[in-house]
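J.: Chain by chain, the residues:
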Amino acid sequence: MATLHIPTPLRPYAGGQRQIEVGAANVDAALQELVAAHPDLKKHLFTEEGELRRFVNVFVNDENSRDFNGGATAIQPGDTVLILPSIAGGKGKPASTKLSKVDHAALRTNQAFIIGLSLAAFIANVPLLAGLVSLAMLLGALVVRPAFGFVYSGFFKPLGLLDPEVLADNPEPHRFAQGFGALVLLAGFAALLAGNAGLGWALVWLVIGLAALNLFAGFCAGCAVYYWLNRLGAPGFAKAAPQGTFPGMRPRAS
Amino acid sequence: MSFTLSKVLLEQIHTHAAASYPEEGAGFVLGRLEGEERVGLALHLAPNLREQAARARRYLLDPREFLRAEQAAEAKGLELIAIFHSHPDHPNVPSEFDREWALPWFSYLITSVRDGQATETRSWRLADARIQFVEEPIILKE
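So the protein sequences, as listed, match chains G and X. Take the first sequence: its letters are residues -13 to 240, numbered as in our numbering. Take the second sequence: its letters are residues 111 to 252, numbered as in our numbering.
No lab work stands behind these hints, which were simulated from the structure alone. As the structure is a prediction and not an experimental result, all values here were calculated from the model. Worth double-checking, as some hints may not be accurate.
Claimed, not checked - Below 20 Å or equal to it, Euclidean Cα-Cα: the simulated SDA-like pairs (lysine to any residue) are:
1) G:K79 / X:Q242
2) G:K87 / G:D149
3) G:K79 / X:E210
4) G:K87 / G:K29
5) X:K251 / G:Q229
6) G:K87 / G:K28
7) G:K79 / X:K251
8) G:K79 / G:D89
9) G:K28 / X:L119
10) G:K29 / X:Q242
11) G:K87 / X:E246
12) G:K87 / G:F136
13) G:K28 / X:E210
14) G:K29 / X:A237
15) G:K87 / X:P214
16) G:K29 / G:R4
17) G:K225 / X:L119
18) G:K87 / G:F232
19) G:K79 / X:L119
20) G:K79 / X:M111
21) X:K251 / X:R167
Stated by the list, open to error - Pulled a few chain G residues facing chain X out of the computed Cβ check, cut under 7 Å:
22) P(-5)
23) F41
24) T59
25) Q62
26) T66
27) S72
28) I73
29) A74
30) K77
31) K79
Don't be surprised by glycine CBs; every beta carbon is placed ideally from N, CA and C.
One chain only, chain X, in its complex shape (with noise of 0.2 Å):
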């Protein structure tokens, strides 16, 4: 159980953090299986559609957003596998909330964004109890 992603892939999503801080920013993850293994190939971007006084704390995307994410992966051979969201000014662990509302199998990639600056990104699958989490390694490619 890993996900692999280029260093490109996950500047890119530091970047979407940074710019969505103080705000919570977040999107999905298009990649491959590979077995156990995901490689992220690919990011589609998404509005926080939460009301701005709660977009410190809290992000939400569209049901239509997650259908035009999972047809723009078909479109390109490839699959929905991952979520990725930030924690400003907090660390990369899932939380309560995040629990909550997530969807088995998927990968939470957290950012972590300290001052406006994204510092590090951690990967989180929910274990199939829906009780905890379980964190998978990173695997950073050139």
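The following block holds chain G by itself, in its conformation from the complex (with noise of 0.2 Å):
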């Protein structure tokens, strides 16, 4: 029997284990034998197409099997066998990360749209309008989309007036802000029907001046909300703001 050390960051793929007695013969058949007895351990040492992934080596006695005869390197009983990973990476495109990308030039067209509807609204005296732009949002908050997104990725995006400001960010904080204003604009509509116009302007006024300060200042108070209830561990917020960024902030550009 040869023994196989294991890597600390494998050990827990491993039961736990720093090392393995295999009788194989050769290096091959002792990775071979490592999975079959751990085969949590697989997708970390083979590729899907089956080939040992670039930074595992074995090293038997003290010499790397890629400098012999790679898998086919022998084991003698009583070698002992290292897999040894070599560490690299470096800067390039991004990979995929729990942050979800976010493109905020949607979110300023939504929001621009929805200060203007709500401005007319008050303007022109039509309250229907603000009921109208109320359930728009409302709609876009359960297919979790922007409600006036379309006029962005419809017109503005492809006739080129807008360019994407894709951000690595949480889509469901965004997606709170805009239900939540859905609602506080419904519930102005429903006083202005009910003959309560001082509350119901108010409760506009309210939408737009916070959608006005998430579209010039870039704070997003509905996300704000939904972090501070993260953070309070409410159920359904599960998303904490991202690091290096004050909660409801438009986080930097990467």
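Hints given; two lone chains; assemble the complex.
T.: Structure (structure tokens):
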């Protein structure tokens, strides 16, 4: 038997063991023996095509088998076999992270339309328009899209009038913020229908103000509420603010 | 899931990243495990073995250096818990190349260096499916 040494980062996938005894006569067979005993290791040692990952080196008595016969390198009883990773990396195209990509140009278009249409409703004294905006926002929140984002994706972006501003961000807080704004606007609409013009227009103006804060200052109040609920551990508010970003502020471009 | 380290240790990482500029600098972090939390306590620096022309975009550490780092950790009663490396004039988020080469379980501390100044470090772990990285908060101690 030979002793096969498992490196620290792979031990959690090998039942925490530092080493196992293998009876294999060469490197390939030793790795197969290891993977048979600890199947969770397979995807970290081998690619989906079954090839040894490039960072995996197997040393037999201080010699890298890649410099000899590779997987066919012989193992004698009593040998020390070590899996030693090459550590490599470097900058370039970002890998997928738990943060999604959010196009803030679509969000800003949405905010601009919410502000414009709500202002128009106030100026022309047409409560129905505010009601329609709130329904569009509610629908947007339900289908997880900015209500007026289609104006951006259908016109502004293809016509080159607005450049995409894709940031690493969580989409959920923006969805929450839009839904929250929709309900405030809907409440305003209901108050207007009930004849309480003061309360109704005040709520409409609250939505205009918060959308403007987001559009012009990059602060999403609804997102801040979302992140605050996340800190309190409220169920359903799973995402924390991107690191280095004040909760609710637009993340920096990376 | 978090990575705790002292301001002094972070300063050492930043100094190494700035000294390596415009090339990428890298090394190992030795420390302790406290459940899902990790505490970085010492560095094990290692030379970037990439050919000179590639060092501004790539780093490579010798597998024998890995063994030395692991042995150094064991000698101190610590564990090898993380790899740190710098991204010169580039954001401190893992790249596709980082993902391809990433080991599971390790924390990957990435430092952004702008014009020779280390600006910020973030920590990432490869998710078990190997598809994406998950950020872990860095907790700084005095």
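J.: Are the hints correct? Go through all of them and say.
T.: How the hints compare with the structure:
Using a Cα cut-off of 20 Å, the hinted pair K79 (chain G) and Q242 (chain X) holds, with the two alpha carbons roughly 13 Å apart. As the CA atoms of K87 (chain G) and D149 (chain G) are separated by approximately 15 Å, the hinted pair is consistent with the 20 Å bound. For the given pair, K79 (chain G) sits about 12 Å from E210 (chain X) by alpha-carbon distance, which is consistent with the 20 Å threshold. Restraint check: the Cα-Cα separation between K87 (chain G) and K29 (chain G) comes to about 27 Å, which exceeds 20 Å; the hinted pair is violated.
Annotation: proposed proximity of K251 (chain X) to Q229 (chain G) holds, straight-line Cα distance about 17 Å (limit 20 Å). Pair hint K87 (chain G) plus K28 (chain G) does not hold up; C-alpha atoms about 31 Å apart against a cutoff of 20 Å. Restraint check for K79 (chain G) and K251 (chain X): the C-alpha separation of about 32 Å exceeds 20 Å, so the hint is violated. The straight-line distance between the Cα atoms of K79 (chain G) and D89 (chain G) is roughly 18 Å, inside the 20 Å bound, and the hint therefore holds.
For a cut-off of 20 Å, the pair hint linking K28 (chain G) to L119 (chain X) is broken: about 34 Å separates their Cα positions. In summary, the hint linking K29 (chain G) to Q242 (chain X) is supported, as the alpha carbons are separated by about 14 Å, within the 20 Å threshold. Between the alpha carbons of K87 (chain G) and E246 (chain X) the distance comes to roughly 18 Å, so the proposed pair stays at or under 20 Å and holds. This hinted pair checks out: K87 (chain G) and F136 (chain G) have alpha carbons roughly 17 Å apart, not beyond 20 Å.
A hinted pair counts as satisfied when its Cα atoms are at most 20 Å apart, and K28 (chain G) with E210 (chain X) qualifies at roughly 15 Å. Of the pairs offered as hints, the one joining K29 (chain G) and A237 (chain X) holds, with about 12 Å between alpha carbons and a cut-off of 20 Å not exceeded. Between K87 (chain G) and P214 (chain X), the direct Cα distance comes to roughly 24 Å. Violation of the 20 Å bound is thereby established for this hinted pair. Restraint check for K29 (chain G) and R4 (chain G): satisfied, since their Cα atoms lie roughly 19 Å apart, inside the 20 Å limit.
Pair hint K225 (chain G) plus L119 (chain X) does not hold up; C-alpha atoms about 29 Å apart against a cutoff of 20 Å. As the CA atoms of K87 (chain G) and F232 (chain G) are separated by approximately 18 Å, the hinted pair is consistent with the 20 Å bound. Our distance criterion of 20 Å between C-alpha atoms is broken by K79 (chain G) and L119 (chain X), whose separation comes to about 28 Å. Straight-line distance between C-alpha atoms of K79 (chain G) and M111 (chain X) comes to about 26 Å, which puts the hinted pair past the 20 Å bound.
A hinted pair counts as satisfied when its Cα atoms are at most 20 Å apart, and K251 (chain X) with R167 (chain X) does not qualify at roughly 31 Å. The closest approach between the C-beta of P(-5) (chain G) and any C-beta of chain X is roughly 4 Å, which is under the 7 Å cut-off, so the hint is satisfied. A distance limit of 7 Å between C-beta atoms decides the matter here; for F41 (chain G) the minimum to chain X is near 5 Å, and the interface restraint holds. For the restraint placing T59 (chain G) at the interface with chain X, the shortest Cβ-Cβ distance is roughly 15 Å, beyond the 7 Å limit, so the hint is violated.
Given hint, Q62 (chain G) at the interface with chain X, is violated; its Cβ is 21 Å from that chain's nearest Cβ, farther than 7 Å. This hint is violated: T66 (chain G) has a C-beta 11 Å from the nearest C-beta of chain X, more than the 7 Å allowed. The interface hint given for S72 (chain G) holds, since its Cβ lies 5 Å from the closest Cβ of chain X, which is under the 7 Å cut-off. The closest approach between the C-beta of I73 (chain G) and any C-beta of chain X is roughly 4 Å, which is under the 7 Å cut-off, so the hint is satisfied.
The restraint placing A74 (chain G) at the interface with chain X holds, with a minimum CB-CB distance near 4 Å, inside the 7 Å limit. For K77 (chain G), the interface hint holds, the least distance from its beta-carbon to any beta-carbon of chain X being 4 Å, beneath 7 Å. Of the supplied interface hints, the one on K79 (chain G) holds, with its beta-carbon coming within about 5 Å of a beta-carbon of chain X, less than 7 Å.
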